[in-house]
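In order, the protein sequences belong to chains S and W. Counting from 1 along the first sequence, just add 487 to a position and that's the residue number in the working numbering. Counting from 1 along the second sequence, just add 487 to a position and that's the residue number in the working numbering.
In short, the hints are calculated from the structure, not lab data. Please read all numbers here as calculations on a predicted model, not as lab measurements. Built from N, CA and C at the ideal position, the CB exists for glycine as well. Accuracy of the hints is not assured; some may be wrong.
Examples of chain S residues toward chain W, derived with CB under 10 Å [said to hold, decoys possible]: (1) Trp496; (2) Ala501; (3) Asp505; (4) Leu556; (5) His558; (6) Thr562; (7) Ile572; (8) Asp575; (9) Gly589.
Next come the chains, spelled out residue by residue.
There are 2 protein chains.
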Amino acid sequence: MPAFDPTRWVTGIARVEDVDFNKSPLIPAIVQDVDTGQVLTLAYMNQEALARTLQLGQTVFWSRSRQRLWHKGETSGHYQDVVSIHLDCDGDALLVLVRPHGPACHTGAMTCFYRSLTSAPPESSQSHPEPLEGG
Amino acid sequence: MPAFDPTRWVTGIARVEDVDFNKSPLIPAIVQDVDTGQVLTLAYMNQEALARTLQLGQTVFWSRSRQRLWHKGETSGHYQDVVSIHLDCDGDALLVLVRPHGPACHTGAMTCFYRSLTSAPPESSQSHPEPLEGG
Numbered sequence: 488m489p490a491f492d493p494t495r496w497v498t499g500i501a502r503v504e505d506v507d508f509n510k511s512p513l514i515p516a517i518v519q520d521v522d523t524g525q526v527l528t529l530a531y532m533n534q535e536a537l538a539r540t541l542q543l544g545q546t547v548f549w550s551r552s553r554q555r556l557w558h559k560g561e562t563s564g565h566y567q568d569v570v571s572i573h574l575d576c577d578g579d580a581l582l583v584l585v586r587p588h589g590p591a592c593h594t595g596a597m598t599c600f601y602r603s604l605t606s607a608p609p610e611s612s613q614s615h616p617e618p619l620e621g622g
Numbered sequence: 488m489p490a491f492d493p494t495r496w497v498t499g500i501a502r503v504e505d506v507d508f509n510k511s512p513l514i515p516a517i518v519q520d521v522d523t524g525q526v527l528t529l530a531y532m533n534q535e536a537l538a539r540t541l542q543l544g545q546t547v548f549w550s551r552s553r554q555r556l557w558h559k560g561e562t563s564g565h566y567q568d569v570v571s572i573h574l575d576c577d578g579d580a581l582l583v584l585v586r587p588h589g590p591a592c593h594t595g596a597m598t599c600f601y602r603s604l605t606s607a608p609p610e611s612s613q614s615h616p617e618p619l620e621g622g
């Protein structure tokens with residue numbers, strides 16, 4: 488199993504102005520652990536959340552449920568120190584590489600993506616769920 | 488640098504019915520290379536795209552620009568074989584672990600996230616852009 492090398496494919500530079508908040512005021516931000524490669528969570532940033540994130544060096548999101556800025560860790564202490572931020576080709580998604588102070592998920596799980604989706608069709612979902620692993 | 492272990496934190500099972508298409512008909516799907524840990528792209532799935540993905544064992548998205556189902560690789564040959572799919576805690580984001588047949592990005596880059604965002608404020612962005620690496 489090769490080591491995770493987050494800088495392997497970085498070949499360009501983007502500016503904050505390149506983030507296309509005109510397309511949508513909320514941009515999805517994938518949060519990934521820079522050391523393990525684990526994807527921790529998907530959250531959203533508006534322009535102010537991104538500005539605060541850059542200022543603080545820790546993740547700040549827009550909470551869609553609470554309709555306010557949300558400094559990740561403000562209640563749990565599980566802040567996420569930002570190592571680098573990457574913008575996708577069409578400027579409407581962010582990848583944020585972090586060193587987390589603790590679990591990312593409000594359930595206490597390290598990552599929000601702790602559930603595997605089974606490929607069992609609904610009609611047989613009560614009997615033999617088959618994980619998609621290897622499928 | 489530790490090896491990327493995508494199954495490390497998987498502790499539960501989710502069903503297709505757990506994906507909350509009621510919240511939004513389009514669910515963001517993070518596509519990650521299962522071998523390298525590299526995040527390749529963020530795309531969107533509607534219910535049919537997810538069903539086709541599970542059927543085919545390759546990624547199928549909803550193209551927002553073309554407003555149609557899009558079997559990734561259908562023109563480039565750069566299909567993405569699905570190894571496993573993971574659902575987040577609140578059922579509104581997917582993590583798809585894949586083995587890609589080629590670059591994920593339409594630009595030819597391996598990942599769509601090939602640009603680092605600089606933290607230089609707009610007023611000085613013409614002079615000394617500083618990558619956020621290590622910041």
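Now the hints, each set against the structure:
Against a cut-off of 10 Å between C-beta atoms, the interface hint on Trp496(S) holds, since the closest Cβ of chain W lies about 5 Å away. Because the smallest distance between the Cβ of Ala501(S) and any Cβ of chain W comes to about 4 Å, under 10 Å, the interface hint for this residue holds. Given hint, Asp505(S) at the interface with chain W, holds; its Cβ is 8 Å from that chain's nearest Cβ, closer than 10 Å. Taken as an interface hint, Leu556(S) does not check out: its beta carbon lies about 18 Å from the nearest beta carbon of chain W, beyond 10 Å.
Hint status for His558(S) relative to chain W: violated, with the closest Cβ pair at about 17 Å, above 10 Å. For Thr562(S), the shortest C-beta to C-beta distance to chain W is roughly 16 Å, which exceeds 10 Å, and the interface hint is violated. For the restraint placing Ile572(S) at the interface with chain W, the shortest Cβ-Cβ distance is roughly 4 Å, inside the 10 Å limit, so the hint holds. For the restraint placing Asp575(S) at the interface with chain W, the shortest Cβ-Cβ distance is roughly 4 Å, inside the 10 Å limit, so the hint holds.
For Gly589(S), the shortest C-beta to C-beta distance to chain W is roughly 13 Å, which exceeds 10 Å, and the interface hint is violated.
Of the numbered hints given earlier, the model fails hints 4, 5, 6 and 9; all others are met.
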